[in-house]
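2 protein chains.
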Amino acid sequence: MKNSITDRIDRLRDLMKKERIDVYYIPSDDFHGSEFVSDYFKEREYISGFTGSAGTVIVSMDEAVLYTDGRYFLQAEKELEGSGIKLYRDGNKNVPKVNQYLCEILDDGMTLAFDGRCMTTNKVFQMKSYFLRNNKNIIINGSVDLPGIMWEDRPELPDEKGFVLKEEYAGESLKSKILKIREFMYSKSADIFILTSLDDIAWTLNIRGGDVKCSPLVLSYLIVSMDDICFYCGSGKKEDRKLAGIYDYLVDNGICVKGYFDIYEDLKGFEKEVILADLSKVNYKIYSMIERLQINDVYNPTTILKAVKNDTEIKNMRDAHIKDAVAYIKFLYWFKNRSLNQKITELDLCENMLENRSSMDGFISESFEPIVAYGKHGAIVHYSPDENTNAEIENKSFVLIDTGAHYIEGTTDITRTISCGELTEEEKRNYTLVLKGNLALGNAVFMEGATGASLDMLARKPLWDNYMDYNHGTGHGVGYLLNVHEGPNAIRYKVSSVINTPAFKEGMITSNEPGLYLTDKYGIRTENMILCVNKAENEFGKFLGFETLTLVPFETEAIVLNMLNEEERELINSYHERIYTTLHKYFDGNELKFLESITKRI
Amino acid sequence: MKNSITDRIDRLRDLMKKERIDVYYIPSDDFHGSEFVSDYFKEREYISGFTGSAGTVIVSMDEAVLYTDGRYFLQAEKELEGSGIKLYRDGNKNVPKVNQYLCEILDDGMTLAFDGRCMTTNKVFQMKSYFLRNNKNIIINGSVDLPGIMWEDRPELPDEKGFVLKEEYAGESLKSKILKIREFMYSKSADIFILTSLDDIAWTLNIRGGDVKCSPLVLSYLIVSMDDICFYCGSGKKEDRKLAGIYDYLVDNGICVKGYFDIYEDLKGFEKEVILADLSKVNYKIYSMIERLQINDVYNPTTILKAVKNDTEIKNMRDAHIKDAVAYIKFLYWFKNRSLNQKITELDLCENMLENRSSMDGFISESFEPIVAYGKHGAIVHYSPDENTNAEIENKSFVLIDTGAHYIEGTTDITRTISCGELTEEEKRNYTLVLKGNLALGNAVFMEGATGASLDMLARKPLWDNYMDYNHGTGHGVGYLLNVHEGPNAIRYKVSSVINTPAFKEGMITSNEPGLYLTDKYGIRTENMILCVNKAENEFGKFLGFETLTLVPFETEAIVLNMLNEEERELINSYHERIYTTLHKYFDGNELKFLESITKRI
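Residue numbers (this note's numbering), protein chains in the order written: chain A, 7 to 608; chain B, 7 to 608.
I should point out that these hints are in silico values taken from the structure, not numbers from a laboratory.
Everything numeric in this text was worked out from a predicted model, so none of it was measured.
You may find that some hints are simply not true.
Same chains, same names: a pair is fine if it fits in one copy or spans any two.
[Unchecked claim] Below, simulated SDA-like cross-link-like pairs (lysine to any residue); rule was C-alpha separation at most 20 Å, straight line: (1) K194 <-> S135; (2) K548 <-> G97; (3) K274 <-> M295; (4) K548 <-> I155; (5) K84 <-> R95; (6) K527 <-> D151; (7) K92 <-> V150; (8) K129 <-> Y473; (9) K548 <-> G479; (10) K48 <-> K402; (11) K194 <-> N141.
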């Protein structure tokens, strides 16, 4: 690898010289700002050898650097060895921010280049305004893809089969959704709406696919005008493997299907139109082709529409969670009844979990890379086991298991922290504190208008009162067979923007996942998915609350009873009773006895 | 009054015709966007007869309307009788918003006029952009003061004596503050900083006065450049009653003193300067004189600086609260030992409270109009008694008392809900719920970075859990001998902007005032002032909390003990113990016994 990387950097510099580029910038994004990207888009990995999910490579004539965050410092050190690429630990003191670094290495009149398709417009705006504030006169070239020229054995663009999500699952027709979009366009006096985020497109058209790992999406763009709808995908031909299952459906709905790359040609055709586009999502290449037009920069209306699940989606989501719970409890039965002589590892747990889930009807895929973290691995928030790290489960401490799945009925995301045998008093105490936070949030009552910033307090209070905390948000929105992380709803105490701190609405589905991480010791997290529901309306106004969708018991072996008040104890008992009542018919024999035992009153 | 108002509207229309004005708009603000305005500025009251604190009059050739909010509907109905002015109940369904109404009555090419000194720049921007979005081409004239021309017996501009707030009270010199402002200007590449909000000016210069009711401020403007500082106030002459006590001090500090109205002339002199100005504060007339220049619109740096109290201010604030508590407990002693045969009213309570406070050394004024609301009056959130409403205190239910004072050592704001005799079980239960919220917030522990949106949950949870709520914020920032309501710190669950939802910082002082209001029955509110303090720093980060500054016991007669958990009970007992320990030396005889009795353990 060493030699190939230094070679690649050298060849990149040759191309830069030819194109008169002083600094070349390689981010990790695909053309759509997706959370997970397919191999075709991994230019940053190709050029640097660094395989982490987040990072930016910046190459000048004098040096090549990789920026990445705390999750990946160790991995990057290792992977960059011998490559000549310097590691910049983003967030560390004395490490300049990316834009500051660019300012330092770029003199007035120099050229910075990148593939504008891999950068959101707002990201480039931030870069430009940083240069402006620092009186730097930099030429920005966002329309070259130099690694793309060099990359000989580049993987193909993903080409998985698309399929139609029938109305019994989607709950609302494509036509009805398009109508809502056009109403929004009309209210903003817009002629054209450009939609590039894959979850928004899949939601709008009621199609799904498999182009993005762990997200059943279809690589595509969508342009909606008042008269036409254009869908850019694959070759644009009916015979296309990706299109075969959705082509007729789309055409029957009046949608014109074109090739994935044709959008850039079509954008040239607009002349006087007013464009609606979310510049925090739309890539910079698209923006640079429409900047001559009037652009109305708005938060995608589809993002807000799809965050509020309709009745069909809610009913299905409940069903998906029953399936997921059945699979989960079978997994738990297997794990809790393992022979203590048998060597069992984190990867074994991953495998058994997947086996149980994939045996359920309607299973599509995992909804994210599973986190199965034993003991001290649990304290590494983004840990996923691989052949090198795979730990053996001992007869003590916790294993933290954060996994999820897509079923045709919807998406799950659940974390349980499971006792592997003997627990210390401290482990139990901390488990109980985290559980108290989860219970308080899951059973919250709040006025309409309250946001995740207020709700977050409920989950953290038991920890904060004890001068402890977890360094991540308490909850993220969850898509319906789309992305497992979906905005705008979120539960976190830091308020960075109003749009990311929206008021909760009935029908929003969010995770509830307080945790606690003690470095080199263990990690605890308890995560349920919660549906926002109406609780009451009276002279004071409308009160909302949550219904917990997840149906897997808490780890009662880890609960310190005298740390719970009566109400908390009753909340656990009634939750466990609901689980038993809902699930017992799916089990018999020893498994049923097991279900009984893990849901019995405490 | 009737005739004089219709006369005034007629005369206003004559002037409008002469000036070719189609619609004239009269807001309630002074030239500085102050919360309280002095009589000189009450043009809206002069023209309409409506005396409420909030309202806008709009006069066209066809009609005259008054917009006001729910607090004033009844009062406005009464006061507008016979005036011919139509009442528009702002916030009610079917009542167009002000800008929408303007759009309806103004045709393309028509002229809307107002006194731009009484409108913040942002308010006019909002108006303009509303017209733009609705394709209305309106001519805006912001430089006429028609009521000012008509108003013959207009009150004089306030002319109260200014005084220097010595460093033993201010804790930081004028020079040091100016240095910080200039550093900020430098960071924003600005040449000139225009400061128009009176609390920011008083804080910057360490001066106080009496020009604004309940706020010891000095009517003035301030312009800071890198070399000069110009203070616009009164006649600008040393002999001026307002300036006599501060003129030499200012001049000695290198400040040029000019007349209050001279600023408008001086603004004409700027040519190429970059101007720093908070357009949410600066009035539109000032803006229209500098719009030809480059304006850097920022949140006033002084607002953020003064929100974090320095050590001297904190020490003094503690002292002010001791004084206030001594006065308050004397008041309570008088009230609780009143003869039950004696007729006693809300206004009697106001009077006795003021008497006790004003007998304390260093008393300056009340910090806002006192709210003393017996029984059902307590449910009217902004109720203040007057001769017409003054209720007699009976031997039952609650009296809600929200009052405060300015002392040379700082500012207080306290609400207690006091039992007047017998209480119902419901009254006690609700009192206890509100108290539980106050205790939870006052004793919160939270990570640095948390905002008032998160903290608000603690105060509301006991009520929300019982499907009850109060329709106001839980806490507002409090100025140091400035305004009793001071941003940006606040505690409220609605997130409307990031700047109004800042993270808490050590040294911020905020109110903690949950309540409950049952229409036609009673109101409950318990308000303390709380100082943000460091609680701990460890591997998780920095934890903050609060120190309660207010030192007046809760109403133990209204507490339902079995609704409190052990911790809450202990919080009340330790608070009452701290009160006794701090205050007992100021009392003797029966008053000391009284203090003992109201602070004894529960």
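Taking the hints in turn, this is what the structure says about them:
Taking the shortest alpha-carbon separations for K194 and S135, only the inter-copy value of 14 Å comes in at or below 20 Å, while the best intra-copy value is 27 Å. Taking identical chains as interchangeable, the C-alpha atoms of K548 and G97 lie at most 20 Å apart only when they sit on different chains, with a minimum of 18 Å there against 42 Å within one chain. In the homo-oligomer, the alpha carbons of K274 and M295 lie at most 20 Å apart inside one protomer (7 Å), although the nearest pairing across protomers, at 43 Å, exceeds that limit. Proximity of K548 and I155 under a CA criterion of 20 Å is satisfied in neither setting, with 58 Å inside one chain copy and 49 Å between copies.
Proximity of K84 to R95 under the C-alpha cut-off of 20 Å is restricted to the intra-copy arrangement: shortest distance 14 Å within a copy versus 68 Å between copies. Taking CA atoms no more than 20 Å apart as the test, K527 paired with D151 passes in neither setting, with 45 Å inside one copy and 72 Å between copies. In this homomeric assembly, K92 and V150 never come within 20 Å of each other (Cα to Cα): the closest approach is 24 Å inside a single copy and 65 Å across copies. Neither within a single protomer nor between protomers do K129 and Y473 lie at most 20 Å apart by alpha-carbon distance, with minima of 36 Å and 44 Å respectively.
When the C-alpha separation of K548 and G479 is checked against a cutoff of 20 Å, the pair qualifies only between copies, where the shortest distance is 17 Å, while the shortest distance within a copy is 26 Å. In this assembly of identical chains, K48 and K402 lie within 20 Å of each other by CA distance neither inside one copy nor across copies; the values are 40 Å within and 75 Å between. Taking the shortest Cα distances, K194 and N141 sit within 20 Å of each other only across copies (13 Å), while inside one copy they are farther apart (35 Å).
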